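What follows is the residue order along each chain.
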Amino acid sequence: MNPTIVFDLDGTLITCESKQKYVLLSLLNAMDDNTAENLEAWWELKREGMNTEKALTELGYSDAKSIADQWKREIEKYVWGALDKPFEDSLPTLSYLKGSDKIGIIILTGRKCKYQVRQIVNSYGFNEYIDDLIVVDPYRAVEKKSEYLRKIKPFVYVGDTEIDYLSATSSGVRFVALTRGQRSRNFLRKVGNMQTEDDLKFLNNINHL
Amino acid sequence: MHLIMNRKSKFKTVLIGSSGTANAFSSVLALRRNWNGDVKIVAVDSNPGNLVTSSLICDNFYQVPETCKPEFKDAIIQIIKKENIDTYIPFIDEEIFVLALLCKQNALNRDLYLQVKDPDIADLCNDKLRTFEWLSEMNILTPQSFKIDRAFVNDGRHVIKRRKGYGSKIIRFPEIKGDLTQYSPDDYIIQYECEKPEITIDVCFDPKHSFFHYVCRERIETKGGVCTKARLFFDRSLEKIAYTLAEKLSLNSFCFQVMNYKKDWAVTDINARPGAGTGMSVAAGMDFFSAMFAILWEEDPAQYFRPLQKETFVTRQYSDFIMNI
Numbered sequence: 001m002n003p004t005i006v007f008d009l010d011g012t013l014i015t016c017e018s019k020q021k022y023v024l025l026s027l028l029n030a031m032d033d034n035t036a037e038n039l040e041a042w043w044e045l046k047r048e049g050m051n052t053e054k055a056l057t058e059l060g061y062s063d064a065k066s067i068a069d070q071w072k073r074e075i076e077k078y079v080w081g082a083l084d085k086p087f088e089d090s091l092p093t094l095s096y097l098k099g100s101d102k103i104g105i106i107i108l109t110g111r112k113c114k115y116q117v118r119q120i121v122n123s124y125g126f127n128e129y130i131d132d133l134i135v136v137d138p139y140r141a142v143e144k145k146s147e148y149l150r151k152i153k154p155f156v157y158v159g160d161t162e163i164d165y166l167s168a169t170s171s172g173v174r175f176v177a178l179t180r181g182q183r184s185r186n187f188l189r190k191v192g193n194m195q196t197e198d199d200l201k202f203l204n205n206i207n208h209l
Numbered sequence: 001m002h003l004i005m006n007r008k009s010k011f012k013t014v015l016i017g018s019s020g021t022a023n024a025f026s027s028v029l030a031l032r033r034n035w036n037g038d039v040k041i042v043a044v045d046s047n048p049g050n051l052v053t054s055s056l057i058c059d060n061f062y063q064v065p066e067t068c069k070p071e072f073k074d075a076i077i078q079i080i081k082k083e084n085i086d087t088y089i090p091f092i093d094e095e096i097f098v099l100a101l102l103c104k105q106n107a108l109n110r111d112l113y114l115q116v117k118d119p120d121i122a123d124l125c126n127d128k129l130r131t132f133e134w135l136s137e138m139n140i141l142t143p144q145s146f147k148i149d150r151a152f153v154n155d156g157r158h159v160i161k162r163r164k165g166y167g168s169k170i171i172r173f174p175e176i177k178g179d180l181t182q183y184s185p186d187d188y189i190i191q192y193e194c195e196k197p198e199i200t201i202d203v204c205f206d207p208k209h210s211f212f213h214y215v216c217r218e219r220i221e222t223k224g225g226v227c228t229k230a231r232l233f234f235d236r237s238l239e240k241i242a243y244t245l246a247e248k249l250s251l252n253s254f255c256f257q258v259m260n261y262k263k264d265w266a267v268t269d270i271n272a273r274p275g276a277g278t279g280m281s282v283a284a285g286m287d288f289f290s291a292m293f294a295i296l297w298e299e300d301p302a303q304y305f306r307p308l309q310k311e312t313f314v315t316r317q318y319s320d321f322i323m324n325i
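Chains A and B, in that order, are what the protein sequence lines are. Counting in the numbering used here, the first sequence runs from 1 upward without gaps. Counting in the numbering used here, the second sequence runs from 1 upward without gaps.
It should be emphasised that the hints constitute simulated quantities derived from the structure, not laboratory data. Owing to the predicted nature of the structure, the values given are computational and were not obtained by experimental measurement. Worth double-checking, as some hints may not be accurate.
Claimed, not checked - Here are the simulated lysine-lysine pairs, DSBU-like style, with alpha carbons at most 35 Å apart:
(1) B:Lys12 with A:Lys85
(2) B:Lys12 with B:Lys147
(3) B:Lys310 with A:Lys114
(4) B:Lys177 with B:Lys117
(5) A:Lys153 with A:Lys72
(6) B:Lys262 with A:Lys85
(7) B:Lys262 with B:Lys310
(8) B:Lys177 with A:Lys77
(9) B:Lys223 with A:Lys77
(10) B:Lys240 with A:Lys77
(11) B:Lys208 with B:Lys117
(12) B:Lys104 with B:Lys196
(13) A:Lys114 with B:Lys229
(14) A:Lys112 with B:Lys223
(15) B:Lys177 with B:Lys262
To be verified - Reference excerpt, derived from the structure (chain A facing chain B, CB under 8 Å, subset only):
(16) Pro3
(17) Ser26
(18) Met31
(19) Asp69
(20) Lys72
(21) Val79
(22) Ala82
(23) Lys201
For glycine and all other residues, C-beta sits at the position ideal for the given N, C-alpha and C.
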């Protein structure tokens with residue numbers, strides 16, 4: 001069997017900050033809430049490990065649960081996907097890996113709608129380089145991602161969250177965390193002993209992996 | 001609705017005109033996607049904020065008088081000063097003309113980033129009769145057009161159009177009740193009716209970076225003048241027209257339409273801005289909106305294009321937004 005690399009999508013191959021922040025801004029604007037300056041602080045709290053509701057509560061929103069519930073519904077809307085974009089090194093790295101003999105590339109991500117993810121992956125041109133796209137239920141992400149990782153047996157799984165870390169470790173797969181996505185290096189190091197990288201440069205020489 | 005948020009002015013402060021339009025929304029998404037915290041977005045529209053989707057992800061929103069009203073100019077000048085606007089993106093052809101005129105009259109900051117600063121170019125693109133005359137001078141095929149009060153033989157192939165209008169609206173002679181005098185020669189023209197298909201060509205031209213990109217978008221279905229089903233492709237003859245228009249009119253981010261006229265492509269309209277359907281080209285990997293900002297800010301637009309690998313079909317569906325929670 002060919003060696004395979006598995007990538008998470010959001011925060012790993014594509015950005016996630018703009019979408020998360022500006023979907024929150026859209027809700028605050030629709031609520032006539034004049035607190036847009038909190039966007040950066042909210043994102044930093046999320047990077048430090050908080051979920052949407054906790055971060056809002058921390059910032060003093062009394063209706064944090066209601067906002068967070070609406071945010072969760074809104075974030076899955078296809079139209080907001082236009083706030084994301086591939087990281088600069090994503091397409092070149094996929095292209096390099098595909099050009100390196102016999103490397104399989106799979107994207108494994110937790111999202112509600114597989115067909116939307118396929119559209120996104122195609123619009124960025126990732127489809128030219130990947131062998132498969134697997135989309136799992138985001139509410140059972142660790143369980144489902146672990147199942148697939150056990151089946152695929154990749155030589156590395158590249159992700160950006162504690163969910164990705166737990167999925168990899170529970171399936172015995174080597175994990176590399178990128179610190180440019182949902183979680184900070186500081187937070188990821190508290191979660192566990194893992195290799196952390198700023199970007200995909202570490203994949204530039206496949207023979208050294 | 002949408003009070004001033006007192007955000008610290010960022011690296012660029014962009015004013016999005018006619019922000020209720022689809023192309024304005026695509027522009028706001030492009031700014032948020034690529035410039036994130038380095039841009040402050042102010043939006044204006046003649047509708048209130050709770051009827052303008054773009055207002056949801058802008059920093060500030062203002063309701064302003066309609067472009068055709070005299071109060072519009074004062075309102076815009078005030079907003080530009082108050083918000084320290086350095087970049088203005090108008091999306092309605094009349095608005096493009098008004099802004100160019102204000103520029104020429106030195107009513108705006110000379111350093112304002114604005115694609116069309118020459119009112120003559122703006123007017124030429126906005127006025128179908130002037131477009132016809134200019135294209136004819138340039139030897140670019142365009143359907144015969146003339147003032148409505150000129151004598152002509154009606155062979156059933158001509159239609160009436162507004163000189164200044166958008167959305168492909170035409171009046172056919174059998175639909176007319178009464179005589180032609182009801183249509184002012186200043187406002188209406190008669191034009192030879194071209195045949196389908198209608199193709200829109202999205203264009204990006206940046207002489208500073210020696211960059212040119214285009215894509216042809218066949219309007220397979222339109223609703224309210226906006227393309228909802230499209231076929232994207234490249235065509236060498238249309239590419240040549242696109243380059244000539246870009247170069248001769250000094251336009252960087254624009255679109256134009258062609259239709260079939262006597263068995264060849266004829267230019268029917270030039271819009272000095274991206275179109276409402278340009279978002280469909282973005283979906284296929286050609287981000288003309290981000291490129292528009294890149295060119296204005298002297299960045300390289302090439303990074304926003306992934307050339308089409310094959311003929312591509314794109315469809316468009318509406319999305320629903322709750323504007324007041």
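Broken hints, numbered, in rising order? 2, 4, 6, 8, 10, 12, 16, 19, 20 and 23
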